[in-house]
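Asker: Letter by letter, the chains look like this.
2 protein chains.
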Amino acid sequence: MKDNSKEEFTTRQHRGAKRRAKTRADLLAAARKVFAKKGYHDTSILDITEAADVGVGTFYLHFRDKDEAFNTLIDEVFHILEEQVIAEVRSHEAITLSVTVQSIFRHAYAQRDLFSIALASGAQVSRTIRVEDTIARGLIRVFEQASRPADLQDYDIPLLACLVTGVIAQGIIWWFDQDEPGPDEMAEKVLALLAHGLPASLFTLT
Amino acid sequence: MKDNSKEEFTTRQHRGAKRRAKTRADLLAAARKVFAKKGYHDTSILDITEAADVGVGTFYLHFRDKDEAFNTLIDEVFHILEEQVIAEVRSHEAITLSVTVQSIFRHAYAQRDLFSIALASGAQVSRTIRVEDTIARGLIRVFEQASRPADLQDYDIPLLACLVTGVIAQGIIWWFDQDEPGPDEMAEKVLALLAHGLPASLFTLT
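So the protein sequences, as listed, match chains A and B. As numbered in the UniProt record's numbering, the first sequence has no gaps in its residue numbers, which increase by one up to the final residue, 206. As numbered in the UniProt record's numbering, the second sequence has no gaps in its residue numbers, which increase by one up to the final residue, 206.
Just to be clear, a hint being listed does not mean it is correct.
No copy is singled out in the list; a pair is fine if it fits within one copy or between any two copies.
[Said to hold, decoys possible] Straight-line Cα separation of at most 20 Å, EDC-like style, residue types lysine to aspartate or glutamate; simulated pairs:
| # | residue 1 | residue 2 |
| --- | --- | --- |
| 1 | K37 | D133 |
| 2 | K18 | E8 |
| 3 | K37 | D53 |
| 4 | K189 | E144 |
| 5 | K189 | D156 |
| 6 | K18 | E76 |
| 7 | K66 | D42 |
| 8 | K33 | D113 |
| 9 | K18 | D184 |
| 10 | K189 | D154 |
| 11 | K33 | E144 |
| 12 | K189 | D151 |
| 13 | K18 | E88 |
| 14 | K22 | E188 |
| 15 | K38 | E93 |
| 16 | K66 | D26 |
| 17 | K22 | D47 |
By construction, these hints were calculated from the structure, which means they are not laboratory data.
With the sequences and hints as input, model every part of the structure.
Answerer: The structure is reproduced here in structure tokens:
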């Protein structure tokens, strides 16, 4: 009898945890929709709970305030994005810069609405720098796994990764204001710049 | 008589405006020193007024709060930096990308303490993007004045300026954590990347 009821209790606990996780996911999905529609500042917690079909009190079981819900949303989307890029890049025969840049742009483009809302919300620079650090770490791995390491022996790899991150980040920032060029063309332009550089006439007097 | 007193009044007004401007400049210079020493969060308005040798009330004649004083400081320093770079670049025979990049890095390096404090203060992304827009506008001018415009006819110049801005911005962000390489070496590395690109073996399977 005792064991049975214990088991029942665990099952109930487990169900409760699952339900809480689902409610939290529903709230985040609803928040995303409302933020995209009304913008960060005009969105209220009531808007979010109505869209998620839960009571306002439920919101506060999961998040302190609108800001925390939004930051959680951004962090989760960014985490998923990171996982997607890593999985996609790893599925290739070899990790090249081309594959990495294409994958980053494709996944980031799909989430570009969220980046714009983050900007409008008054997001902090330290948060963006964390995102850039993640891209830079990925690039360091690409550079370290280069098929011909000797080609990079004269480079300061962390600094190089930091600089290249800037090009990729700006490609994403470009989409804050406009949708074109799309991800594949953006990757192409970025890769052309990184592969060949700019015309020599820009650097010296002719 | 009447004219005389009017003149005297204007002179007195003029003196008052000059004194106010001086106090404001003193407060900003003091704020900069205190922020650099104690960090953004640990700096109080009292610290600033003591360093400027004025009463606390005087502070509030010029700024609403610590945040406004800091943002004013950042905006002024950035404005001066912009003017310095423009003047330096214009003093050259021709505006090349090399001259522009070297000048930006040299002036930004001298102010790097302030950039780090700005980051620690929880500065907003929208502010950074404004800075990047200024750099991008400068680069567009460089590209448009290229000695051989035909070299750039296949490029989307605003997008190119946006991407190149990323490399420059990351060079400055690099200095948030470390002082090396200095401005000239940083400019050299950035220009090498922009002129020649990265080794081909990074882009394709070999």
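Asker: Each of the hints needs a verdict: does it hold here or not?
Answerer: Tested hints:
Neither within a single protomer nor between protomers do K37 and D133 lie at most 20 Å apart by alpha-carbon distance, with minima of 30 Å and 27 Å respectively. Taking the closest pair of Cα atoms, K18 and E8 come within 20 Å of each other only inside a single copy of the chain (15 Å); across copies the shortest separation is 80 Å, beyond that limit. Taking the shortest Cα distances, K37 and D53 sit within 20 Å of each other inside one copy (17 Å), while across copies they are farther apart (51 Å). In this assembly of identical chains, the alpha carbons of K189 and E144 lie at most 20 Å apart only when taken from different copies (19 Å versus 24 Å within one copy).
For the identical chains of this complex, K189 and D156 are inter-copy neighbours only, at 9 Å across copies versus 24 Å inside a copy, given an alpha-carbon limit of 20 Å. When the C-alpha separation of K18 and E76 is checked against a cutoff of 20 Å, the pair qualifies only within one copy, where the shortest distance is 18 Å, while the shortest distance between copies is 53 Å. Taking CA atoms no more than 20 Å apart as the test, K66 paired with D42 passes inside one copy only; the shortest distance there is 11 Å, against 27 Å between copies. In this homomeric assembly, K33 and D113 come within 20 Å of each other (Cα to Cα) only inside a single copy, at 10 Å, whereas the closest approach across copies is 40 Å.
In this homomeric assembly, K18 and D184 never come within 20 Å of each other (Cα to Cα): the closest approach is 39 Å inside a single copy and 57 Å across copies. Taking the shortest Cα distances, K189 and D154 sit within 20 Å of each other only across copies (11 Å), while inside one copy they are farther apart (25 Å). For the identical chains of this complex, K33 and E144 are neighbours neither inside a copy (40 Å) nor across copies (41 Å), given an alpha-carbon limit of 20 Å. In this homomeric assembly, K189 and D151 come within 20 Å of each other (Cα to Cα) only across copies, at 16 Å, whereas the closest approach inside a single copy is 23 Å.
For the identical chains of this complex, K18 and E88 are neighbours neither inside a copy (29 Å) nor across copies (63 Å), given an alpha-carbon limit of 20 Å. Proximity of K22 to E188 under the C-alpha cut-off of 20 Å is found in neither arrangement, the shortest distances being 40 Å within a copy and 53 Å between copies. Neither within a single protomer nor between protomers do K38 and E93 lie at most 20 Å apart by alpha-carbon distance, with minima of 43 Å and 51 Å respectively. When the C-alpha separation of K66 and D26 is checked against a cutoff of 20 Å, the pair qualifies only within one copy, where the shortest distance is 15 Å, while the shortest distance between copies is 40 Å.
In the homo-oligomer, the alpha carbons of K22 and D47 lie at most 20 Å apart inside one protomer (19 Å), although the nearest pairing across protomers, at 50 Å, exceeds that limit.
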